[in-house]
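Protein chains in written order, with the working numbering: chain A, 1 to 505; chain B, 1001 to 1359; chain C, 2001 to 2145.
For the record, the hints were derived by calculation from the structure and aren't laboratory data. Mixed in with the good hints there might be a few duds.
Cut-off 25 Å, straight-line C-alpha distance, at most; resulting in silico cross-link-like pairs (DMTMM-like, lysine to aspartate or glutamate) [claimed, not checked]: (1) Lys-1276/B to Glu-168/A; (2) Lys-2002/C to Glu-371/A; (3) Lys-1035/B to Asp-1250/B; (4) Lys-1244/B to Glu-371/A; (5) Lys-499/A to Glu-463/A.
Chain B is faced by these chain A residues, among others (derived, beta-carbon under 10 Å) [said to hold, decoys possible]: (6) Val-84; (7) Thr-159; (8) Leu-278; (9) Arg-375; (10) Ser-475.
These figures come from a predicted structure and were not determined experimentally. Just so you know, even glycine gets a beta-carbon here, dropped at the ideal spot from N, CA and C.
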Amino acid sequence: MVKSTPPFGFAIKRDDEKCIRCQACARMCSNDVHAYDAEKDIIVSDSTKCVGCHFCEAICPTSALTVERTQSQYRENFNWTAEVINDIKSQAGSGGVILTGMGCDKPYTNYWDRIVLNASQVTNPSIDPLREPMELKTFIGRKPDRIEMGSPEGPKLETEIPHQLELEAPIMFSAMSYGSISYNACFALARAASDFGTFWNTGEGGLHRDFYRYGPRTIVQVASGRFGVTREYLNTGAAIEIKIGQGAKPGIGGHLPGEKVTEPISETRMIPAGTDALSPAPHHDIYSIEDLRQLIYALKEATRYRKPVGVKIAAVHNVAPISSGIVRAGADFIVIDGMRGGTGAAPKVTRDNVGIPIEIATAVVDSRLREEGIRNQASLVVAGGFRKSSDVIKAIALGADAVYVATSALVAMGCTICQKCYTGKCNWGIATQDPYLTKRLNPEIATRRLKNLLRAWSLEIKEMMGGMGINAIESLRGNREQLRGVGLSEMELKMLGIKSVGEAW
Amino acid sequence: MRRMEVDRGGCSLFGMIDESGDRFSGAQAINAIAKMQDRENGLGGGFAGYGIYPEFKDCHAFHLLYDNEKAKEYTEICLDENYSIERAEPIPTRKVPAIKNPPLLWRYFLTVKETKANGADIGDFVVNTVMKINGEVDGAFVISSGKNMGIFKGVGFAGEVGKFFRLDEYEGHAWTAHGRFPTNTVGWWGGAHPFGLLDWSVVHNGEISSYGTNKRYLESFGYRCTLFTDTEVIAYLFDLLARKHGFGFDTVGRILAAPFWDEIERLPEKEREICKALRMAYGGALVNGPFAVVVGHSNGIVGINDRIKLRPLVAARKGSMLYMSSEESGIREVCQSPGKVWMPEAGEPVVGRLEGTHG
Amino acid sequence: MKKIRIREKYCMGCRLCEIYCAVQHSKSKDLVKAYRGEYPKPVPRILVEEKDYLSFAIQCRHCEDAPCIGACITGAMSRDPKSGAVLCDENKCVGCWMCIMMCPFGVIGRGKEKKVISKCDLCVGEKEPACVKNCPNEALVLEEE
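Looking at chain A on its own, in the form it has when it is part of the complex:
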């Protein structure tokens, strides 16, 4: 039988008139796509190896390169797409699980694109954020249902407010482990979060020594593998997040291939160098909700109740009752990661088929917690494919306190979502530990770009809020009156808890 090789996905188009044979493309490509042929004085490109990361295109000084998608090699078939055919052939060859990176790329409905926002006209003046205060300050943590003062006009505050995370805007950097991404990428996230006044998350890779000084702006994660978890680690962070699941791969654990476990990774994660870092699917000490409660309080004891302790779960069918249980188990904040969440490595079949969209999850969790009268007890942070400021503002209006972004942060740093993170050959120096590649991510530039992103989105959110006649984010939180659904079924509108476009108050 002739070995069937799936046709490749990208084609390098080189404008020979513009190519000056500087060989930057050949030198830079980590997948060895380009090579200089000295005899013929041309650069030869082997498109079969191209992953579509566009680094060569970006570095070419004369813009002579274009990376294109090849035309489909098979006849058009809605059901048997090229991807499906290729995957079958690949599995027939390897007998293994197909891995991929980043978030689900399949055409499930994106509800953010089916929700529109309000604006005030005539009867209620819209507010100009460039001239009037527009407040995005957000607090994450357990809040009391009421405040007691010494007397009605209260010069004295008697209720003790549990510790909160204070954010300048309702956007934080989501968990990406040191190991899945490079030292420089972590550095940039930590610095940008600290400078801007928000938080970043260590992910399950532990916290590198060099980043301990960013502790006050770091959320440290305790995941099923417990990598890097020591008392010092817990006390260095500003908050602790117990990771039960993540949106890209609900129900399974993480996997960092041994090749990516270099000396510094080994030291930070506290595992031998070169071994695969396998996070088990469940926490082997959490088999039920009461076990979770035990862990939450163990962590609170270890940090003397001075840090908010939260729980991160993937958005699944029963996300509402599970969330209720988690809040009652003592979590100070709860993180829901939707099916569009990204990852460094996951089986493609899980990434694309398991989990539910974060839009619906946000709405049902917020509604359920309010119904049970426990909404104040934990802040709701949502994650999973937030691409623009309008996605963020819609999430707040549905009921979230804040939003976690990761893929957007990586794109800001250079990522082009080629989905090959698991190979460790990221040309942009982000999802790799290869020192030759990590040099390419200048943390100064990356920090600047991340801060720009946060700033840009904050300004846009302020514009939209001002348009609605709102000048404080707390008046937008859960304010579903400001949303309307476009092209949604009755059931979808009901799940989201919003009216259809056309309906007035």
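Using the hints provided, position chains B and C relative to the given structure of chain A.
Chains B and C in isolation, oriented as in the chain A frame:
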């Protein structure tokens, strides 16, 4: 189909109190609000009077609006079950040509039956009754439910509505009044202001952009927003914050019209901690959007503006009298030479207190 | 004076600095024309040194106590009073190559066209040196010393 009616600006409001407790005729409130008639469109007006039922001052005076007899029958059965009805009668009115097709208007003076209360907080008990009738009895609406006070409102210019209800024949120590400018061509009697719950009455000029947030926040405390207007939330917020959580009006003002973060940063430490804690815990009670409100309660009246003062509110004092109005003209109509006249700061409440009371 | 600081940890070894330096000092000053049309091919005055993943670009350091100035027999090599850069006057240079032998960094080269030396001139006259402007990773920065 009843549609949500949101006031489209240009409303007028008025409030006055004699802090010494002396009572005066409702005619003053009628004259003041009528002076500002340009701000109305004749589709809604109303008044709240305090101290008007001295003989029944310990009973809850329920003012009810019925669309039909059936609603009245059903409601009376409900009330009879849980309350002793000291007196039940139609609310006295006089014919005013401009006021057409009034619904059935009745008032009941009620005391909670001991056996039914079962040790529950009386206030909560009455609130439950109100929520129940408004939510479940088709065509019946409780307009006011406080002690020794009553709300009178309907479709028409406020001045006409006042005459219709013969308010010139009542005497109270505090009055508030409101004239509306709603958009729906068919006004609904229940949709006019003031809105009331227990002793609270609210007259409101503005539009609440945070309505969705406030509504869901209140729902988690058991309040149901059923009166098809955003003003409802202000009445319930006062009930929650002042009655249930025991805050004074300065603090309530600081919650509803919270100071900005950059102002809070500049406060002395203790105050800063308090303001921060209030914003953190009571974010859902922050009212965004333009508003001027005058809230009446058993011990006085309070006027507040939104945090960036997008609606007018003028206050004045003369002797033991305190006045609040959308326009100074309303005040001058009933008080020729007030002592002090001022415009309160955004978020700073103007408080009129009956002598000898706190709040 | 303003000098170019080399930040080795950010150098990717792409050698774009070499390209842009050469173009800046070419006749046409156009990327494609300089490389495809001109003869001889333009030569950069900056060089990327590499070993495994360590790399950095080095050019004339415009030393305070420049040995090349001392070695120059004709006085062609001198310090420009305004920019502080060490510049070579091509009219005076006789191509004796003494400066090349004296330079401790090995950053002076022989010109391809004429018998004169070729080295970094800090792109005097331009807003900023071409290598600094075009390094994609900010591995070269112009700083006040």
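Less than 10 Å between beta-carbons is the criterion; does Leu-278/A satisfy it with respect to chain B? violated, 40 Å
Per the CB criterion, is Arg-375/A less than 10 Å away from chain B? holds, 6 Å
Verify the proposed pairing of Lys-499/A with Glu-463/A, using a straight-line Cα cut of 25 Å. holds, 23 Å
When the nearest CB of chain B is found for Thr-159/A, is that gap smaller than 10 Å? Check passed: Cβ of Thr-159/A comes within 7 Å of chain B, closer than 10 Å.
Tell me if the straight-line CA distance from Lys-1035/B to Asp-1250/B falls inside 25 Å. violated, 30 Å
Between Lys-2002/C and Glu-371/A, is the straight-line Cα distance small enough, at 25 Å or below? violated, 66 Å
Please verify whether Lys-1244/B and Glu-371/A have alpha carbons no more than 25 Å apart. holds, 20 Å
Interface hint status, Val-84/A versus chain B (Cβ within 10 Å): Hint on Val-84/A: violated, closest Cβ of chain B at ~44 Å, above 10 Å.
Should the hint that Ser-475/A touches chain B count as held when the rule is a Cβ pair under 10 Å? Where the cut-off is 10 Å and the nearest Cβ of chain B is about 3 Å from Ser-475/A, the hint holds.
Could you grab the alpha-carbon distance between Lys-1276/B and Glu-168/A and see if it respects the 25 Å cut-off? Answer holds: Lys-1276/B to Glu-168/A is near 14 Å, not above 25 Å.
In summary, the structure is inconsistent with hints 2, 3, 6 and 8 from the numbered list given earlier, while agreeing with the others.
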